[in-house]
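S.K.: Here's the letter readout for the chains.
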Amino acid sequence: DSGVTQTPKHLITATGQRVTLRCSPRSGDLSVYWYQQSLDQGLQFLIQYYNGEERAKGNILERFSAQQFPDLHSELNLSSLELGDSALYFCASSVRDIPDRELFFGEGSRLTVL
Amino acid sequence: AQTVTQSQPEMSVQEAETVTLSCTYDTSESNYYLFWYKQPPSRQMILVIRQEAYKQQNATENRFSVNFQKAAKSFSLKISDSQLGDTAMYFCAFMKHIQGAQKLVFGQGTRLTINP
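In order, the protein sequence lines correspond to chains A and B. Okay, so the first sequence: first residue is 1 according to the numbering used here, each after it adds one. Okay, so the second sequence: first residue is 1001 according to the numbering used here, each after it adds one.
Please keep in mind that the hints were generated in silico from the structure rather than gathered at the bench. Don't take each hint at face value.
Not everything, but these chain A residues come out facing chain B in the computed CB check (under 8 Å) [what the hints assert, rightly or not]:
no. : residue
1   : G42
2   : L43
3   : N51
4   : R55
5   : G58
6   : N59
7   : F90
8   : I98
9   : P99
10  : D100
11  : L103
12  : E107
Using 30 Å as the maximum straight-line C-alpha spacing, the simulated DSSO-like pairs for lysine-lysine come out as follows [as the list claims (entries may be wrong)]:
no. : chain 1 : residue 1 : chain 2 : residue 2
13  : B       : K1055     : A       : K57
14  : A       : K57       : B       : K1070
15  : B       : K1070     : B       : K1096
16  : B       : K1073     : B       : K1055
17  : B       : K1055     : B       : K1096
18  : B       : K1055     : B       : K1078
19  : B       : K1073     : A       : K57
20  : B       : K1055     : B       : K1070
21  : B       : K1096     : B       : K1073
22  : A       : K57       : B       : K1096
23  : B       : K1078     : B       : K1096
By construction, the Cβ of each residue, glycine as well, lies at the ideal position given by its N, Cα and C atoms.
Chain A on its own, in the form it takes in the complex (with noise of 0.2 Å):
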């Protein structure tokens, strides 16, 4: 167990619909990042939270919105689903604002579109 917990675990909705993905990070882990994980383009970085603040940003859609609240945990938000955002969503959590010691993954949130 990481610490980080995701949920939903699966989700299944149809297309043009919004969702809404969650993320408790580890006890006193300040960094929040997500990613998308799909089978043609591997795990990709979408955007970073730190101590509630963005701090970076990745290959993340328009359509798609994240934000990291004072008690740290953080949701991302995907709206006007299409067939192609089906995917696992991972969020990762770290203690500093540079990933350069260990990430924590949670078990990610299966989004599937139809």
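Since chain A is already given, all that's left is putting chain B on it; use the hints.
M.R.: Only chain B this time, still in chain A's reference frame:
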């Protein structure tokens, strides 16, 4: 542009054998960090080993070791005395600077199967 390349999509070895997974990366930086992560069927990503580029000595963690060739930008993972529990996807990752921040970039992964 692809920053991290794993040229072996799949590999398969017998239990107790030694296997080496390849990884190359592209960077103009002199100081950076490299990682190998393991993703078993449970799908959780687990850190296997970490290497700091300024350290010449290759990192070792029990049965896992790396061959870090900085000039060649190569970072291979060697698994000795392989076990059934080593069956997993293995991802090489590189920490890079982007837009004033640092992010971890993963390769496409190598699916490793250990056969009994």
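S.K.: Going straight from one Cα to the other, do B:K1070 and B:K1096 come out at no more than 30 Å?
M.R.: Roughly 15 Å separates the two Cα atoms, so the pair holds.
S.K.: Below or equal to 30 Å on CA atoms is what counts here, so check A:K57 against B:K1070.
M.R.: holds, 27 Å
S.K.: Given the proposed pairing of B:K1073 with A:K57, does the C-alpha separation stay at or below 30 Å?
M.R.: holds, 25 Å
S.K.: Are the Cα atoms of B:K1055 and B:K1096 separated by 30 Å or less?
M.R.: Satisfied, since the Cα-Cα distance of roughly 17 Å is no more than 30 Å.
S.K.: Classify the hint on A:R55 as holds or violated, based on whether any CB of chain B lies nearer than 8 Å to its CB.
M.R.: holds, 5 Å
S.K.: Given A:L43 as an interface hint, is its Cβ closer than 8 Å to any Cβ of chain B?
M.R.: A:L43 check passes; min Cβ-Cβ to chain B is 4 Å, inside 8 Å.
S.K.: Any CB of chain B closer than 8 Å to the CB of A:I98?
M.R.: holds, 5 Å
S.K.: So, A:F90 near chain B? Judge it on the closest CB pair being under 8 Å.
M.R.: It holds, given that the least Cβ distance between A:F90 and chain B is near 7 Å, below 8 Å.
S.K.: Run the distance test for B:K1055 versus A:K57: straight-line Cα separation, threshold 30 Å.
M.R.: Given pair B:K1055, A:K57 holds - Cα atoms ~29 Å apart, limit 30 Å.
S.K.: Quick check on A:L103 please, does its C-beta sit within 8 Å of some C-beta on chain B?
M.R.: holds, 6 Å
S.K.: Mind checking the CB of A:N59 against every CB in chain B and telling me if the closest is under 8 Å?
M.R.: Violated - the Cβ of A:N59 stays beyond 8 Å from chain B, reaching only about 10 Å at its closest.
S.K.: Would the hint on A:D100 stand, with a C-beta cut-off of 8 Å toward chain B?
M.R.: holds, 5 Å
Violated hints for the displayed structure, listed by number in ascending order: 3, 6.
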